[in-house]
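Here's the letter readout for the chains.
There are 4 protein chains.
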Amino acid sequence: MDVGFIGLGAMGQVMARNLCKAGHNVTVYNRTRSRAEALLVDGAVVADTPVEACDNEVIVSLLSDDKAVEAVVFGEGGILAALRPDAIHVCMSTISVALAERLTDAHAQADRAYVSAPVFGRPDAAAAGKLFIVAAGDETSIIRCEPIFAVLGQQTFVVGHKPVSANVIKISGNFLIASVIESLSEAFALVRKYEIDPQAYLDLLTSTLFSAPVYKNYGGLIARQAFEPAGFKLPLGLKDVRLALAAGDATDTPLPIASLVRDHLVVAMAKGYEELDWSVLGRIAAQNAGLE
Amino acid sequence: MDVGFIGLGAMGQVMARNLCKAGHNVTVYNRTRSRAEALLVDGAVVADTPVEACDNEVIVSLLSDDKAVEAVVFGEGGILAALRPDAIHVCMSTISVALAERLTDAHAQADRAYVSAPVFGRPDAAAAGKLFIVAAGDETSIIRCEPIFAVLGQQTFVVGHKPVSANVIKISGNFLIASVIESLSEAFALVRKYEIDPQAYLDLLTSTLFSAPVYKNYGGLIARQAFEPAGFKLPLGLKDVRLALAAGDATDTPLPIASLVRDHLVVAMAKGYEELDWSVLGRIAAQNAGLE
Amino acid sequence: MDVGFIGLGAMGQVMARNLCKAGHNVTVYNRTRSRAEALLVDGAVVADTPVEACDNEVIVSLLSDDKAVEAVVFGEGGILAALRPDAIHVCMSTISVALAERLTDAHAQADRAYVSAPVFGRPDAAAAGKLFIVAAGDETSIIRCEPIFAVLGQQTFVVGHKPVSANVIKISGNFLIASVIESLSEAFALVRKYEIDPQAYLDLLTSTLFSAPVYKNYGGLIARQAFEPAGFKLPLGLKDVRLALAAGDATDTPLPIASLVRDHLVVAMAKGYEELDWSVLGRIAAQNAGLE
Amino acid sequence: MDVGFIGLGAMGQVMARNLCKAGHNVTVYNRTRSRAEALLVDGAVVADTPVEACDNEVIVSLLSDDKAVEAVVFGEGGILAALRPDAIHVCMSTISVALAERLTDAHAQADRAYVSAPVFGRPDAAAAGKLFIVAAGDETSIIRCEPIFAVLGQQTFVVGHKPVSANVIKISGNFLIASVIESLSEAFALVRKYEIDPQAYLDLLTSTLFSAPVYKNYGGLIARQAFEPAGFKLPLGLKDVRLALAAGDATDTPLPIASLVRDHLVVAMAKGYEELDWSVLGRIAAQNAGLE
Chain U
195 MDVGFIGLGA MGQVMARNLC KAGHNVTVYN RTRSRAEALL VDGAVVADTP VEACDNEVIV
255 SLLSDDKAVE AVVFGEGGIL AALRPDAIHV CMSTISVALA ERLTDAHAQA DRAYVSAPVF
315 GRPDAAAAGK LFIVAAGDET SIIRCEPIFA VLGQQTFVVG HKPVSANVIK ISGNFLIASV
375 IESLSEAFAL VRKYEIDPQA YLDLLTSTLF SAPVYKNYGG LIARQAFEPA GFKLPLGLKD
435 VRLALAAGDA TDTPLPIASL VRDHLVVAMA KGYEELDWSV LGRIAAQNAG LE
Chain D
195 MDVGFIGLGA MGQVMARNLC KAGHNVTVYN RTRSRAEALL VDGAVVADTP VEACDNEVIV
255 SLLSDDKAVE AVVFGEGGIL AALRPDAIHV CMSTISVALA ERLTDAHAQA DRAYVSAPVF
315 GRPDAAAAGK LFIVAAGDET SIIRCEPIFA VLGQQTFVVG HKPVSANVIK ISGNFLIASV
375 IESLSEAFAL VRKYEIDPQA YLDLLTSTLF SAPVYKNYGG LIARQAFEPA GFKLPLGLKD
435 VRLALAAGDA TDTPLPIASL VRDHLVVAMA KGYEELDWSV LGRIAAQNAG LE
Chain Y
195 MDVGFIGLGA MGQVMARNLC KAGHNVTVYN RTRSRAEALL VDGAVVADTP VEACDNEVIV
255 SLLSDDKAVE AVVFGEGGIL AALRPDAIHV CMSTISVALA ERLTDAHAQA DRAYVSAPVF
315 GRPDAAAAGK LFIVAAGDET SIIRCEPIFA VLGQQTFVVG HKPVSANVIK ISGNFLIASV
375 IESLSEAFAL VRKYEIDPQA YLDLLTSTLF SAPVYKNYGG LIARQAFEPA GFKLPLGLKD
435 VRLALAAGDA TDTPLPIASL VRDHLVVAMA KGYEELDWSV LGRIAAQNAG LE
Chain W
195 MDVGFIGLGA MGQVMARNLC KAGHNVTVYN RTRSRAEALL VDGAVVADTP VEACDNEVIV
255 SLLSDDKAVE AVVFGEGGIL AALRPDAIHV CMSTISVALA ERLTDAHAQA DRAYVSAPVF
315 GRPDAAAAGK LFIVAAGDET SIIRCEPIFA VLGQQTFVVG HKPVSANVIK ISGNFLIASV
375 IESLSEAFAL VRKYEIDPQA YLDLLTSTLF SAPVYKNYGG LIARQAFEPA GFKLPLGLKD
435 VRLALAAGDA TDTPLPIASL VRDHLVVAMA KGYEELDWSV LGRIAAQNAG LE
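Chains as they are written, first to last, in this note's numbering: chain U, 195 to 486; chain D, 195 to 486; chain Y, 195 to 486; chain W, 195 to 486.
If we strip away everything but chain U, and leave its shape as in the complex, we get (with noise of 0.2 Å):
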């Protein structure tokens, strides 16, 4: 298939290459031009602006904030003016419930189809082809998409035929890592006031009721304190658990351990995290409790 690619984060490049390795056509777009340039040995296409890489069947945008996507979508050189008759939009980024909802109703008003498909895993998850794709949007939509998601991921979630629905399942699913991380935080914090192998603990774990990956990712980076490189960053995390309590706001549901989340990512921000991964949060707990 002919797809336009924008945005070529740590996520976006890794994927893009992929579409190109399977042989589809494939132009680029990323703000900072040398991420895209990467891609030339792959055979993508470079473009100049996004604008440039909506030529396509499917245009792919997965940028990092609702402010990113506005950008590109919206005004002046927005891809929504420039979208062919017959593509579709598939926007991979995590956004707010609030802008998908915007887009959903501004690509119904230009006449243009629109697939909201927010992913789970990370980048290599996605360069291995690995990612969970939980898409939403009109049947027809989705299933010409399916070359595209085949490639990305190991499994597709169709959710329904409200694109929304896919960017709720996306900030919920978030919403229950970022707990995973606060309860093993605190729980770690316990375990070594009583002197316990933090290791030992996360191996047993692990070994029983709790054998679900995002355990044992976060629990070796909380049990070994290493919080650097980050694998997700603390701000993006922050991100995604207001992403959380927005939705929540929205519709009047509260999310009591998502606040309490947010206010310890915030400590981890005032105490100038902001580089580490967002499971510093494991940090915070072993401070609290006196350890640190």
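It is worth saying that the hints were derived from the structure and are not from the lab.
Hints may be right or wrong, so weigh each one.
Below, simulated DSSO-like cross-link-like pairs (lysine-lysine); rule was C-alpha separation at most 30 Å, straight line [stated by the list, open to error]: (1) Y:324 - D:465; (2) Y:261 - D:465; (3) W:410 - W:387; (4) D:433 - W:356; (5) W:433 - D:433; (6) W:324 - W:427; (7) D:356 - D:433.
Where chain D lies over chain U, by a calculated footprint (3+ residues, C-beta under 8 Å) [claimed, not checked]: (8) 254-263; (9) 348-354; (10) 367-376; (11) 379-389; (12) 392-401; (13) 435-442.
Beyond 10 Å from chain W on every Cβ pair, some chain Y residues (computed) [unchecked claim]: (14) 227; (15) 268; (16) 271; (17) 298; (18) 354; (19) 407; (20) 419; (21) 436; (22) 486.
Every residue gets a Cβ at the ideal spot worked out from N, C-alpha and C, and that includes glycine.
Please build the complex by placing chains D, Y and W on the supplied structure of chain U, with the hints as guidance.
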């Protein structure tokens, strides 16, 4: 081996039966005698008092709370005074760290072997001999207990020579389960407000990052809002979260998620849900979101 | 003085009337014109647009939220472009720190004087000219405003030359009020469970350590569970707590009590109490204790 | 009157002295005898044991916690067995509701009069006879105690015939104070981040809505970050917040602000601040905002 088994609740009864079936000579005691007599058919000998169950190499106690353990162990008619010099008392109850330390000291003063060995698993796992056993105490005693543990569980984790370590791990593990229940409760409330099908949401979670049994089990209860019959009743869950807070108190370790979960479990008590499963936190979250 | 007054809600109308009665020449504007016309009898001139109210030395704006202030100040038909070179814009609205800083910058760029002067007090205090005014901005401008402040309030606190300081103080003050409401709500739930008379309890509190008006006012509402008619509606209270959290977010300052109160206010919204006073937190606490 | 006074801490010593000065015949007992002997000059008689202080019409006990009260009242050498038939035991300690109810029952069974009369006020208020006394018990006994209360306090609030009512009010009052300290701590952290002078901020608060002494006293400590010498040490404050939570536990009443404050006090303990005033919450909030 010759085993005394004191405490035949939902867990104890099936565990004692498994010991009988495995060929051990088991003397059982339960305050409500009928639960002991149910094991006659399995070859158990029924004791009239806890002390009568003490003329054995290993005495397992598995009681519901601190108070029950104190009543059985200490004072007149208590088993501590009745243990043979060669006996090992294996305490499998979920008790406070304070009581675990008191038991450790008391057995040491009486020159009797003491092993802490709480378990993870529900009655069905106990019946299948699939418990996870967390054992701590002096090495020799633990080795002597292995034939018992091998019958009761699928795996034994030996976590050091200080008995209290096993209790801390059990308590912190239950705290982590409580955290999962609360975070799922909030996440389900959120997705329901966005009209996402709870069961589809759960399937997605448990096929991806949250594949652990605890997510499947409790997620299913919350997705279906099916809180009875209770697998683990609200007051027991509240007791366990309080044990975590008490373990934190004893070492100046804050556990803010435990505080939050405790408060929500107290709300559930105030609303009269004491006969329901502790995953009734899912109903509280739904009510707080205006869903019920 | 010649005064323009924009925004005639429950507060603004009585404040503008007081300025008329004190002999100032007041031109008033309100989106719903009838509230402006009610001041004709007091000698006010009614403006058809915000800009019409700008041909004055002092222009007071008192609007309900950020959005309303932005609409009145910026863009086409906005007052910023219409201010006379000698005019001072006195913004008395409770707005976000972000907007306060944007207003400060925009007025500076336009070379117009800007004073932030939010107030503490309910409509009855406003009618009696008994407000507390928190003013910040350049000293000369504040001095020029004094005849206005003297009419509207019983005391003016000048808190520096950075306008945002006044907003931070107003926001943090409302946060403290919210904390009082929540803590009283919990305390009343507790004493009611012990069958202590709420009114006697309140009398004791307010005769001793908690003699401040805020305890008397809100304590009375909670003791009587009398949440309507609303003195300050739930959504406004929630807005203000969110302003506190946003002020914290902007500076990496966690405000855990604000998070907790926010969550309880969201529960109240979810339960449909949006027409009630924000002290309806007292009902939420009572419900959580099983009292209702 | 003939008065026995047991417990001569910072509060008890000045209270016993006031009773001496007012002309009552006071027999004093304290575990550390020197504190009792300091009252010889005021005319007090020094008792060697609690029981020796019991041959009086009124026996006041004012001890630091449940454990101290239990040790003095019950068992061998306990005062309950030594009270004269005409004696009234006035317990002024801040104790748990559980112990208050146990004391009530035990005195009733022993056919002795029991009055619960905890106080609000710090040692300086005690020295000046300006305490607030919260009294509950049978009416006749309270009337008989009035000459004592008149010396010790500026006002006595009689809150019913169930002694525990007085304890609940004392405990909930301390919970409200703790809430004030925490909310001020957070508010001060916020305004400091905006470079607002803490003292000016406090003056503004206490001149307006927050005029109560508790805001002035604790606000001053937090504004100056002056946490030593301690007026009321951290562990005592933590004890009292736990009493509030325990009172809630006993009646299924959640107190989420108490949980939050408890957790922050535990952090302060973990950081080694046990000799500081409990308003050290102001330091925790400052640290969490990156200010220290």
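Results of checking the hints against the structure:
The hinted pair formed by residue 324 of chain Y and residue 465 of chain D fails the criterion: a straight-line CA distance of about 44 Å is larger than 30 Å. Distance restraint check for residue 261 of chain Y and residue 465 of chain D: the Cα-Cα separation of roughly 40 Å exceeds the 30 Å cut-off, and the hinted pair is therefore not satisfied. For the hint pairing residue 410 of chain W with residue 387 of chain W, the CA-to-CA distance comes to about 21 Å; that is within 30 Å, so the pair holds. Pair hint residue 433 of chain D plus residue 356 of chain W holds up; C-alpha atoms about 29 Å apart against a cutoff of 30 Å.
For a cut-off of 30 Å, the pair hint linking residue 433 of chain W to residue 433 of chain D stands: about 20 Å separates their Cα positions. Distance restraint check for residue 324 of chain W and residue 427 of chain W: the Cα-Cα separation of roughly 21 Å lies within the 30 Å cut-off, and the hinted pair is therefore satisfied. Taking the CA atoms of residue 356 of chain D and residue 433 of chain D, the gap is about 23 Å. The hint holds against a cut of 30 Å. Three residues within the 8 Å Cβ limit are the bar, and the region 254-263 of chain U against chain D gives 0, so the coverage statement is violated.
Counting residues of the region 348-354 of chain U whose CB falls under 8 Å from any CB of chain D gives 4; the rule of at least 3 is met. For the region 367-376 of chain U, the stated coverage by chain D is satisfied: 7 residues place a CB nearer than 8 Å to a CB of that chain, which reaches the threshold of 3. Given as covered by chain D, the region 379-389 of chain U passes the check, having 8 residues with a CB less than 8 Å from a CB of that chain where 3 are the minimum. Interface restraint, the region 392-401 of chain U with chain D: holds (5 residues with C-beta to C-beta distance below 8 Å; minimum three).
Counting residues of the region 435-442 of chain U whose CB falls under 8 Å from any CB of chain D gives 3; the rule of at least 3 is met. Residue-level check passed: residue 227 of chain Y sits 34 Å from the nearest beta carbon of chain W, beyond 10 Å. A cut-off of 10 Å between C-beta atoms confirms that residue 268 of chain Y is not in contact with chain W; the least separation is 24 Å. Here residue 271 of chain Y stays apart from chain W, with its beta-carbon at least about 32 Å from theirs, past the 10 Å limit.
For residue 298 of chain Y, the shortest C-beta to C-beta distance to chain W comes to about 13 Å, beyond the 10 Å cut-off, and the non-interface label holds. Taking the minimum C-beta to C-beta distance to chain W, about 7 Å, the non-interface status of residue 354 of chain Y is violated against the 10 Å cut. Non-interface call for residue 407 of chain Y relative to chain W: violated, since the shortest CB-CB distance, roughly 6 Å, does not exceed 10 Å. At roughly 16 Å from the closest C-beta of chain W, the C-beta of residue 419 of chain Y stays outside 10 Å, upholding its exclusion from the interface.
No beta-carbon of chain W is positioned within 10 Å of the beta-carbon of residue 436 of chain Y; the least distance is around 14 Å. With a closest Cβ-Cβ approach of about 13 Å to chain W, residue 486 of chain Y is found to remain outside the 10 Å limit, as its non-interface label requires.
Hints 1, 2, 8, 18 and 19, counting from the list given before, are not met by this structure.
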